[in-house]
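Enquirer: Chains as they are written, first to last, in our numbering: chain A, 1 to 336; chain B, 1 to 157; chain C, 1 to 130; chain D, 1 to 679.
Mixed in with the good hints there might be a few duds.
[Claimed, not checked] Think about it this way: if two alpha-carbon atoms lie no more than 25 Å apart in a straight line, the pair counts; the simulated DMTMM-like pairs of lysine to aspartate or glutamate are:
1. K124/D to E125/B
2. K488/D to E328/A
3. K500/D to E247/A
4. K114/C to E247/A
5. K101/C to E247/A
6. K24/A to E71/C
7. K472/D to D164/A
8. K268/D to D303/D
9. K117/C to E247/A
10. K411/D to E328/A
Don't read these hints as lab results, they were simulated from the structure.
None of these values were measured; they are calculated from a predicted model.
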Amino acid sequence: MSDYILYPGCSMEASARAYYDSLKAISKPLGLNLREIEDWNCCGATEYLSVSKTPAYALIARNLALASNQANETHSVVAPCSACYLNLAKADYYMREQPKLGKTVNEALAAGNLHYVPGSLDIRHLLDVIVYDIGLDSVEKKVVQPLTGLRVVPYLGCMVPRPDYDHHWSDHEFPVELDFLLKVLGADVVDYPLKTECCGGHMPQISPSTAFEMLRRLISTADERDGDVMVTICPMCQLNIDGYQGEMNQFFGTNYHMPILFFTQLMGLAFGIEPKELGFGLELVSARNVLDTLGVKAPPETPPAPPRRPRKPEGLPMPTPLTKPQIEALKKEVVK
Amino acid sequence: MTQSFEPVIIGFTCNWCSYRAADLAGTARIKYPPNVRLIRLMCSGRLDPTFVFKALANGADGVMITGCHPGECHYIEQNYKALRRFQLMRRTLQGFGIDPARIRLVWASAAEGARFASEVASFVEEVRALGPLNWGKNGSVPARAAEAAMEKEEVPA
Amino acid sequence: MREEALKSNTPWICVSCYHCVVRCPQNIHIPDVMYTLKDMAVQAKLVQDSTAPDFSQTFVDMVEEYGRSFEMGLASRHYMKHFPLRLANMMPMGMGMLARKRMNLAPTRIKNMKQLKAILKRAKELEAKQ
Amino acid sequence: MTDNIENTSPSDAQEKIGVYVCHCGTNIAGVVDVVQVANWAAQSLKHRGVVIAREYKFMCSSPGQDLIEKDIKELGLNRVIVAACSPHLHEKTFRTACANAGLNPYLCEMVSIREQVSWVHTDKVAATEKAKAAISGGVERVRHHVPLQPIIVPINPATLIVGGGIAGIQSALEIADAGFHVYLVEREPSIGGHMAQFDKTFPTLDCSACILTPKMNSVGTHPNITLLTWSEVEKVDGYVGNFSVTVRKKARKVDEELCTGCGICQEKCPKKVIDNVFEAGLGYRKAIYTPSPQSVPNRPVIDVPNCTYYEKGTCKACDIFCAPKAIRFDQEDQILTLNVGNIILATGYELFDARRIPNYGYGRLPNVFTSLEIERLTNAAGPTNGNVVMRDGKTTPKTVGIIHCVGSRDKNYNNYCSVICCMQSLKFAHLVHERTGAQVYNFYIDIRAAFKDYDEFYQRVLDEGTMFVRGKVAEVTDVPRNENERGKLIIQVEDTLVGKQRRIPVDMVILSAGLEPRKDSKEVAKTFGISCSVNGWFIEKHPKLDPIATMTEGIFIAGCAQGPKDIPASVAQGAAAAARVLGRIEQKEMALEPVRASVIEEKCSGCRICNGLCPFNAITFHEDRMVTEINPALCQGCGTCVAACPAGAITGTGFSNDQIMAQIEGLLMMNIEPEAVTA
């Protein structure tokens, strides 16, 4: 049993219920013991920082303070929502790096008899925890229903791999963690070059046309590369691509149907958990096709979907991609 | 005395890096306060802690020890020894009831004239803030005692 | 120049995707610059025609009221004000969200609202001091 | 207040010290009141052995030196203080002057009042006081000086050159042609280095092979050159004039004597391997191979990890077809010991790994190439016989984008400029356009085309119709936003001259990757006892006045190992290093500073604290007598052991405890006494 303090974030209880449900469903087989922060509050998303600094950090720091009070054997706070993850990490990082800010924020916290020692918690994203703490091997062991033949588009959005204050990720723009995880689940992972492009964030509320163009790029590319389903690690991304896909189609007169699920939902499926426990059906762009693809017990002879770019054996050889340790090694060189 | 306190600082430099940094500061005409008086050693590893206590005991208000950046020592690794001795000296100074901030260790490569100058400037200000040391004069700790104490100290390497 | 910068809507368009941070050859943290510009613009009351400041403000109000974000309230209030015409197109989505209970009709409120309010109050005082 | 220094340290008569204060024109006199300083020295330092103090416009001039020599002869001076510039400039000058007058040169001490006083201070009074303090320190120090003899070491005329690139080749030929022996050690199976991989060289576009191959051959055939390819230096002992170097000659598995270089083995070898070194990963070689047909020596090596025989125990195709029976599957590595007097390091560079910038897509997008790959593509002897084609091996690109400064001038990777990329990119622009007629775009931050005929070449490329976009490329993507971007690589960039974002669709992207130090440069530096910059480039003795020597006597550097540079610069530096070495060899011996540590056995308590301190293994402990001894030949004079000896049993000539203690006292007498009086 690995213990973590959980910061769910507002959307997990509303727009991203499917994420929360599926997380609860898979945490048992994964041996994840998640304890919610008592009486946590909103992290302020990207909005509060836009209005004023100190209160925004104080808002975030309240959660950190509450969490550190709860911290006993574990000091790891896991956040499934990327905006929350970023904000918690950001507050912790800047309170560490700028003692002055740390002091001011703690003065504010004092008004609520709270205090947070910067750096005393380890802020992690759920995917990070699953891939690096639990480990792909133990995940693989739990797979009973491999996602064979399912063309999955891995989509992380921007705020988890960037700016990556504490170097948790293999890369800022093309991290491999989600791909590896999905491969382990038996899915046919699409090489998706936009995996860390922005979904538009609050754009649909601010400048719809801009937002729709951003969504179009993401969805059309996923579609062109014959993805059956997009899978994300971020409630905001899911909401935008799922919720606004219809409006986007209207806007461009297109007719895309690209369902988007949370990676935890696919993990659940692969673990053989009932779809309804995993919050299937909560998406607006129906992901039935996913279930259909898998519902049919994939017999071994079903040919896996053809690779998108058939590589001819002749021609000039390609350089081999860097492995994680190589990347780490190279990074260390630059880090002074 | 009414006029503002001008600290006297003894600076130990390494022949290969920091002494050349000082030369470079000169040729580049980079200005720094005249409070520092330099002594050339072949290597920061040559710095016998006794020198530092001698300097303080004889009226210096601060001592600046300079050497090559870690990994760039002309004698491969002797600056690391200087680093360790520096820690020892700080401890010993505390033992004498002297603020260890009165000695500063600075890495300056032969190319870092500007850095050398700015380090001197900031150190002079720091020592000025600490005020005069007057060690071994008005009978606080006699200079010899300091040296004697040092000789007893086993110098680690 | 200052006014020009603070009136600009660039910072409000920024979705803080942090691409600039990891690509900047000079390691400049551009999103933080953007946030600071936004804060300053708000302080200086120089924010110009952009729905973003409003959205941010509405969001903040909700959070300060309940301690949690309240999408339903936020969405309805915001769209009514800025995109009344879009509501028609939005209906299917809104309905869908409600039907699937992905949007709560009533806000959730944290238990210790008193504490949070106190903290934010102190924080604002401190902010004002700077 | 300062002259009030009666009854300080006991005056002692046996020293007769002369103090000489230099004006250095106005360089010193402009800030320091030299006349006052001289008078003060004459008056106030009398009781400390100063018998004469003079100031003069230029002490370093011959009349200046004559002053000193005259005084030594007439006043019988036995110590000399020259307060002038940095000892690194004129110490030699004044020591020679003393020697000419029959005084041991090491009884002369310089005090720097220019670099350390007049040039860095503005307050004239304070500067003058500081100058006095410095002289006071110097006087106290010099009283403790003792006559020393320089250490004379013979120079072994043989030279070791590490690295067989163009720089190393140049050095080797210069020295060998002068009639002295050279050992040239190269890690790869053949010499030639990166230059051998190129097709054309900027700015003249003459063929690289045509100008390099003759040089390579004369190295291979030169009677004075022992060529050790497929070999690496493992250990370096000794010091200037007398290094003993351990070299591992890796097993070629081929008898170099018997082999005729006919090449049949490479023909018959069934195992194809991607050549990541010479062909930059674009081409194939066999498991037994020479990097190229022009290889020197023209002797193949067996790539053991890839050879079928070592894998399965069968095959032996090479052995079967080898007429002279030169294949030696059982050949072992050889360890050679070379005795040389000087060493030249020309270990070159490595290309920046473009996969580290994922948004440029190298390794992910097939048609993104690195500069070295393009060198091979354009090379007539390369994998495509000089046809510039895309990764599929046949299609000719219609539009090509060349991205400059890849991994250079970027705090995320290397903050330095790699110097050659601009010119190399211009070269590619020309070659690609010439071979394919493609439209070429250059994306640059600044064009740096300094040096002879370089900017002319830039103009020429401009005239050829190459497009130049000023801006750092944000990303290279294969995600189209509209129809005419479909199937292309799109280069997203801000055109900073227009102030607009642009998306330029191209067929092929060339990343002009920067230069990096060899991955193992820091270990190499450690092996040879020289130092590396933070980036990993070898540090030269002086950035301007001595970019060839290192801080370590007898070890010189040439080519890109010292920092990014192009071929002409590498050749020049290689030749320069050779000239330096030849100078040394001609002198047959050289004098070293007699700065050495030695143990006074009577005092040594045998505590062994010093034993672990010497990085040069100069310290040995005699179990029988329970005392430590220092080998003066190995001692480099850092003095760390002197400082560490708790018994004070180790003395360091030139920098003895007495001398430094005295200097400290001297420096501080100035300010301590007056207060003592008031106290």
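Enquirer: Hint by hint, say whether it matches the structure.
Expert: Results for each hint:
1. K124/D to E125/B: Satisfied, since the Cα-Cα distance of roughly 20 Å is no more than 25 Å.
2. K488/D to E328/A: With a Cα-Cα distance of about 31 Å, the restraint between K488/D and E328/A is violated, given a limit of 25 Å.
3. K500/D to E247/A: With Cα atoms ~30 Å apart, K500/D and E247/A exceed 25 Å; violated.
4. K114/C to E247/A: 40 Å, violated
5. K101/C to E247/A: At roughly 20 Å apart (the allowed maximum being 25 Å), E247/A and K101/C satisfy the hint.
6. K24/A to E71/C: Given that 25 Å is the threshold and the Cα spacing comes to 23 Å, the pair holds.
7. K472/D to D164/A: 23 Å, holds
8. K268/D to D303/D: 15 Å, holds
9. K117/C to E247/A: Answer violated: K117/C to E247/A is near 38 Å, above 25 Å.
10. K411/D to E328/A: 17 Å, holds
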